[in-house]
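J.: So you can see what is in the structure, the chains are spelled out below.
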Amino acid sequence: MNVKERVEWTKALRACFPGLQTAAMTSAAEAVDGPGSWEASVRGGALTSVGLRFYGSGDYAAWRKAVSKAFVLGHSGPSAPAAGFPWLTASWDLQTGQWTSVRLCGSESGAKLKTGQALAWDFSQSAKIPRKRLLKPVPFKAGAFGEPALDSALADFSALCPVSTLSLEDPGWSLRLDGGPRWPLFARCDIAAAFTPLSSQLALFLLDRRVTELSFDGDALWAHCAG
Amino acid sequence: MNLDERRWIYGGGLSPEWAWVVRRRRELALAQLAKIEKDYLKAAPPGVQARRYAAGLRYFLKTSGPERDRLSVHPCFDYWLDMHARHFAMPVQDADWHLQFGLFQSFPAALALLRGDKIELDATADPDGRFFVYGTPKFLSAEPRAPLKLKIAGGKIAGFDFENLVEAVPGIVADDRGWLMVHGVTMHGLISLAQPERERFAEVLRQAFSDLSTRDPGLHAEMTDMLFSLVPLKNPVEHGSVSSSYVNLRGLIALSHAEDPVLQAETLIHEFCHQKMNQLLVVDPVLLPGQSGQVFYSPWRADARRLRGLLLGAHAFLNVARYLATSLSRETYPDAQHIELMVNVALRINQVDSALKALTGYGAFTEFGRRFVMGMWKELELLRHSVLWFPPALLAEQAVAAAEHRAKYALGDTGFHKSAEHVDKVRRAAFLTPEENEDEKEAEAEKKKGKESK
Chain A
600 MNVKERVEWT KALRACFPGL QTAAMTSAAE AVDGPGSWEA SVRGGALTSV
650 GLRFYGSGDY AAWRKAVSKA FVLGHSGPSA PAAGFPWLTA SWDLQTGQWT
700 SVRLCGSESG AKLKTGQALA WDFSQSAKIP RKRLLKPVPF KAGAFGEPAL
750 DSALADFSAL CPVSTLSLED PGWSLRLDGG PRWPLFARCD IAAAFTPLSS
800 QLALFLLDRR VTELSFDGDA LWAHCAG
Chain B
639 MNLDERRWIY GGGLSPEWAW VVRRRRELAL AQLAKIEKDY LKAAPPGVQA
689 RRYAAGLRYF LKTSGPERDR LSVHPCFDYW LDMHARHFAM PVQDADWHLQ
739 FGLFQSFPAA LALLRGDKIE LDATADPDGR FFVYGTPKFL SAEPRAPLKL
789 KIAGGKIAGF DFENLVEAVP GIVADDRGWL MVHGVTMHGL ISLAQPERER
839 FAEVLRQAFS DLSTRDPGLH AEMTDMLFSL VPLKNPVEHG SVSSSYVNLR
889 GLIALSHAED PVLQAETLIH EFCHQKMNQL LVVDPVLLPG QSGQVFYSPW
939 RADARRLRGL LLGAHAFLNV ARYLATSLSR ETYPDAQHIE LMVNVALRIN
989 QVDSALKALT GYGAFTEFGR RFVMGMWKEL ELLRHSVLWF PPALLAEQAV
1039 AAAEHRAKYA LGDTGFHKSA EHVDKVRRAA FLTPEENEDE KEAEAEKKKG
1089 KESK
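Quick mapping for you: the protein sequence lines, in order, are chains A and B. Here the working numbering runs 599 ahead of the position in the first sequence, where the first position is 1. Here the working numbering runs 638 ahead of the position in the second sequence, where the first position is 1.
Because the hints were derived from the structure by calculation, they are not lab data. Predicted model, so just to flag it, every value in this text is computed and none were measured. The beta-carbon is built from N, C-alpha and C at its ideal position, and this holds for glycine as well. It is possible that some hints are incorrect.
As the list claims (entries may be wrong) - Here chain A is said to cover these stretches of chain B; the calculated rule only asks that three of the stretch's residues, wherever they fall, bring their Cβ under 8 Å from a Cβ of chain A:
hint, stretch
1, 917–928
2, 996–1004
To be verified - Cβ-Cβ distance ranges computed for the label pairs, FRET-style:
hint, chain 1, residue 1, chain 2, residue 2, range
3, A, LEU749, B, THR852, 50 to 58 Å
4, A, GLY644, B, GLU758, 53 to 61 Å
5, B, ARG838, A, PRO761, 51 to 59 Å
6, A, SER725, B, MET825, 45 to 53 Å
7, A, TRP772, B, ASP677, 51 to 59 Å
Could you build all of it, start to finish, from the sequences and the hints given here?
T.: In structure tokens, the structure reads:
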């Protein structure tokens, strides 16, 4: 993780949530400090979690081990996947002060993937072994969900903030945005209320960051913002 | 048609563009009615079909002409269509059918009356025990929800004693009782007036319309074309005036009584501008759809507004400020009122500026919408010239008041509304002026001193 971005992010978090203990989160994030780009994520509904997403590079094997250890999810050693060109998505519970889920994405030796596809390993506190998935993003088209209300809302949204790809993975989905609108402009959209309901409070945290992706993990909606 | 934003920002009179928008609204309303007729013939229960509601529907749909054109854009017609869409999307009882389609007969009755046609209609009295011939000032009293048989011929309805509503100006009634008129007026309290109060309510509004006809003839022409009714509202003691208008009652303005024709004109302009923008929606949304997620700082109130609210507010108050500035330059007012009007104009200029800032910064517009908002900026700048002779202290005072309001309710200098105290609890980056630095040092010294003395 880019050190300066990480420091800025945790500082902003502490400012927005006075009294928040970020030491454990910071030490985990420190373990993956390094070159690469970074995104902060906010959970919709009650703001009980925040997340980070880090697009890594460099020594993948060392990075993988650091991730397993740092996020204290009970996975280490040979069971952790061999990820190439990895990225990491993790969510942090603001109330319990713990990492609740980590997703490691990339490829593995021998994997035959089409352009745009990737493998994902989901780590959670409850499962003993990581769950492997194939990510298959497709170009976003109107009516993609087959639900009139959702499709209509997304059509309006896409006219304001173009959506580039859609990844469907039961029970969730994610929409990668084309270019990524600045958060204040994203916030004025109809659908933004579901993703960032506390927009006034979040203003000091998200500033004018770009919203790069919207996702639903089967439990909650997330907005991912480029740091 | 490529709309000219200049004629929509201020009153542009009964231009071809205005007529085109009204025609479009009428076409949509009649298309909706044709669909309702089809559904009625297919789904109305036999007991309802036994009454001749279908005859009224058919007569209204097939009879073209200026009288029907006018009735198709009546606010009660608007409300009747809206009520049907809301109620008949759910399971309904026979009584709902009778009320909905029995009340509709008001429109074919008015059409036949105005044209001198001969027709017999089955109608239903409203739940308050009246039947209004909307589009005319006439109404009759009956038992609530009573079935009525109307025989119309030669411009008369036989067998009933009709009363007349008071008209503020020809074609615009003061109506505190029409069921389809007041049922949808939900903001602020309705008030039922005694006859002398009704007369007075209408009389002040008559004067306001008269003033408008000379000070803003374009707007006056549009108003007298679009408006049908003025509904009186209760005026709580703490308010100078209350008013409202509704997207499903286009052509109706609800407002409290005031003895001041300038205040009434201001209220009429404000609400009419909202109505005009609501009517414009049928051809252009101005703001692209899908932008009501975030609420924004409102320079008019303590609570937040959507972008559309800011758009409507900026448009209405720009028109109000211009009217008041014109009134000030043309009329002589007592000193107190003169100052009050200048304060009002200066206040509105600051508020419109603030609303336009948020709109421009955050909104995404249609092609017409972009020209419309840019045009409002231009008109605001021109309006600043008309207040050059105002006392500088008065203008400065209003600028300070606007800044104080912003500091209290806006999130910094952004367009966002400061909705939670949480935001102000967040520690900001340190920045102290030399004076503040001194104060801080003094406070620390005092603290130290206190500790030592303990």
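J.: Checked against the structure, which of the hints given earlier come out wrong?
T.: Structure breaks hint 7 only.
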